[in-house]
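Let the hints inform the model, and build the full structure from the sequences given.
Protein chains: 2
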Amino acid sequence: MTSQQSNLACYTDRQMEIRPELDLNSEVPLYRQLGSYLQSLIGNGDLLPGDRLPPTRELAGQLGLNRTTVSAAYELLETDGLIKGSVGRGSFVCGVPEREVEGLNWSRALTASVSTSTGPARAGLINFSASRPSEMLFPVEEFRESCDEVLRSDKLRSLLQLGSPGGYEPLRHFLLKRSGLARDSDDILITNGCQQAVDLLRRALVRSGTKVALEEPVYPGLRNLFVEAGAELIGMRVTAEGVDLYSLRQALEAGAKVVVLTPSFQNPTGATIPAAARKLIISMARAAGAIVIENDIYSELAYSGGEAPRLKSLDPNVILLGSFSKIAFPGMRCGWIIAPRPVIQRVTELKQLADLHTDQLSQAFLLRFATSGRLEKHQAKMIAAGKERLRAVEQASRKYLADCRFTLPGGGMNLWLDLPDGLDSSALRGLAQQAGVDYLPGRFFSITRPLDSGLRLSFAGLEPQEIRRGIEILGEVIRSANGSKEDPDGASRPTFAMV
Amino acid sequence: MTSQQSNLACYTDRQMEIRPELDLNSEVPLYRQLGSYLQSLIGNGDLLPGDRLPPTRELAGQLGLNRTTVSAAYELLETDGLIKGSVGRGSFVCGVPEREVEGLNWSRALTASVSTSTGPARAGLINFSASRPSEMLFPVEEFRESCDEVLRSDKLRSLLQLGSPGGYEPLRHFLLKRSGLARDSDDILITNGCQQAVDLLRRALVRSGTKVALEEPVYPGLRNLFVEAGAELIGMRVTAEGVDLYSLRQALEAGAKVVVLTPSFQNPTGATIPAAARKLIISMARAAGAIVIENDIYSELAYSGGEAPRLKSLDPNVILLGSFSKIAFPGMRCGWIIAPRPVIQRVTELKQLADLHTDQLSQAFLLRFATSGRLEKHQAKMIAAGKERLRAVEQASRKYLADCRFTLPGGGMNLWLDLPDGLDSSALRGLAQQAGVDYLPGRFFSITRPLDSGLRLSFAGLEPQEIRRGIEILGEVIRSANGSKEDPDGASRPTFAMV
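Protein chains in written order, with this note's numbering: chain A, 1 to 499; chain B, 1 to 499.
Where hints are given, some of them may not hold.
Since copy identity is lost for identical chains, a pair holds within one copy or between any two.
Below, simulated DSSO-like cross-link-like pairs (lysine-lysine); rule was C-alpha separation at most 30 Å, straight line [as the list claims (entries may be wrong)]:
id: 1; residue 1: K377; residue 2: K155
id: 2; residue 1: K84; residue 2: K279
id: 3; residue 1: K387; residue 2: K177
id: 4; residue 1: K257; residue 2: K84
id: 5; residue 1: K177; residue 2: K155
In short, the hints are calculated from the structure, not lab data.
Here the structure is a predicted model, which means the values were calculated and not measured.
So, in structure tokens, the structure goes:
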């Protein structure tokens, strides 16, 4: 052993133990070692300002050191302004080291993370992993015009001033009217996109232990919010016709107080609940006294088929969430909640606590973009583009994904794929990335079920030729992993996924 | 008695009691009364879809009604699609009333409010109640130019796309550099103003029961956030030299884990902590292992005297909050947190959960406004305007508020006033409003102390002549309420408020 572990301890007036580990063989003199040790006690807060250090004679005796060594260490600290000697009274701590000290124990101080990593992103891949529009479709000229009109209006000054927690009044008025189903008993709150709408509703409706029923697979940003709040989550299975009614009934019987549904083009499955089932859902939820939150951010991106009535139109108690993120500009955080007045009153209070109000300039830009007719024109373009992309998905899937089960959505941005039996979408992802394609594995969207055989293909942000090429590559990866031979006819068998 | 209260009850298969109150003298036929009653049971969820109604004969017998009356009521419900008859099996509930039904019990479903009303606003008053800049000082031309430059850049398309939770990268980089004190161990998160910065830190650091020390009087938006989280609040007294060190020590000894301070021009007191005290605060907090959050949103509005070092410059563990709301545009929600990496990592996760990210366009506008030199120019203008307004406060206060105690701030937007003994600022407010002046009473800013004798005058949003006239009126109201004679000399005695 080359170092002396001092076995004796010396105590300050506050009974703080002084027990340095000094290395006799070190090139660093002992007085400097002792000085550094005392400095660390001060830096860590083990020694507090006002604390008296042991007299040099006492500390030297206890540690088996020469008294001059201790005195030299004290002088060092005094020079650094950390202690101050007072004749006849001893030396007192009077400051903290100026240089950078050890950080606080942040891992203990911080609340636990509930976020889910999507794994590392890779450049140059055909990326099916983001449920968002292609920025190449953004109508930047029309948007610029809308901004110019707002910036040159006499409203600019007041838009830059503090606003109302509920949102920019003209936008609130416009959106209530545009929804086509707000009643006199309803009101509206403008939020920073739909994500904040759910966050505020969570704060308004969910206490620790509240039972919340979510579709499974589910958008993780939604799940994680409720997990963070300490809610008890109940996953409801999703079929090609949206939430499974038997699962819903089970959730309600289990005591679900809040039910969150995306009835049209659900993320991640693309599934839509038919009209008849919507009526049943409402009557079941109402009978159970459960609160229904209708996430309606995809319904305006309908590519085929008739639209089913929104849940909100079937029951005034439904809380409706909307956003421009999917049909216009996701980078501008603007969503809304339309709900009975008591709900809006509470979430508006919470909005004020959360961030006072949503950015006013953006609200005014989006309002101008909408009221000038540019939104409608752009939406038509987005629907046409979506149709074209969905067609590419359809053709390529029938040709290259014959081994998989999938249901083509009638709108939105996502397709759910079930791999052939025995394949795991998480394991397959590495191979897919190597081959040049990325997607999000089913596991990412689960609550209690593993969903390992499923995966999400988000097609809206890609060009049709990228979609075709990407699905072709994915098909090759799957067939290769599955060890099956290629089927030259590509017999299509789109069936219910996730039944 | 004109109505028959039926004393017999009939039960469904599920033992749901059917006991209508029928009015024999009503103009509404009995079958319609019974039909409405059954409809309400379905609407309320007392009868569930799938439930079987009692056979007509049985219900008629129990209620003492003619069987045709019951049959007619059932037919009514069947016509409305609420029940469905099945030969040999009976009638089953199959739907819910289409028309608007009673709302859910929202007051029970919603979490309790913690917000504080500032009371009704009145128009036409000289309003000292808002801590915000005057919109007449907004440099709208320079701002428009900045916006134009961004809107016409090739970055527009990507600004409208989904961004990063941490914020717009060039803005993050700029703000870290501008702060002048971020270290390699630090990182930054862009938030929707300082309010959201505190909200996210609360979610990262505060569990139910965590002890949080706040200055008292305190900005209510800060207090309410921690109350909502179930934190245990400890109020620290504020003197003319900022937080009282003895109060801080008591808070730390009581176990405060998080200490939130506004060292410069605190809201609502305007008080600033001197440099020497800042060093002591840091060593005390560090010794106690407490986390210090430094709310630095006012320090750039310094009108007089030298600047004290920011707490963050004294200890790398300090969490620093900044914002452009006070020196530029409050309606654009843009603030930031500079803190050690583990903290930023956690709050960035929470930011993503809360609203994905802050509006990107606004971040780019503010960045352009700052990097083009326009912010610096505007800030100089704001400081000049603030000086002028503070001078008006000073002159008028010395002349008209001689009965009160106050300390003139060296910057910021607020002055705290202590009324003569025995006067209550809440009670006085009504008189002040009648006389044409408004302010926020001390009670609004309290945690545990009543603060009834204090009030906040926010002067930054008013013109100098409004300030002079407003303080003159307030002085008259106070003297009148105090029953004291006017002091023609207006002997000034600015002393420490809230000692």
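Verification of the supplied hints:
1. Taking the shortest Cα distances, K377 and K155 sit within 30 Å of each other both inside one copy (25 Å) and across copies (23 Å).
2. In this assembly of identical chains, the alpha carbons of K84 and K279 lie at most 30 Å apart only when taken from different copies (15 Å versus 79 Å within one copy).
3. Taking the shortest alpha-carbon separations for K387 and K177, only the intra-copy value of 28 Å comes in at or below 30 Å, while the best inter-copy value is 47 Å.
4. Taking the shortest Cα distances, K257 and K84 sit within 30 Å of each other only across copies (28 Å), while inside one copy they are farther apart (63 Å).
5. In this homomeric assembly, K177 and K155 come within 30 Å of each other (Cα to Cα) only inside a single copy, at 22 Å, whereas the closest approach across copies is 34 Å.
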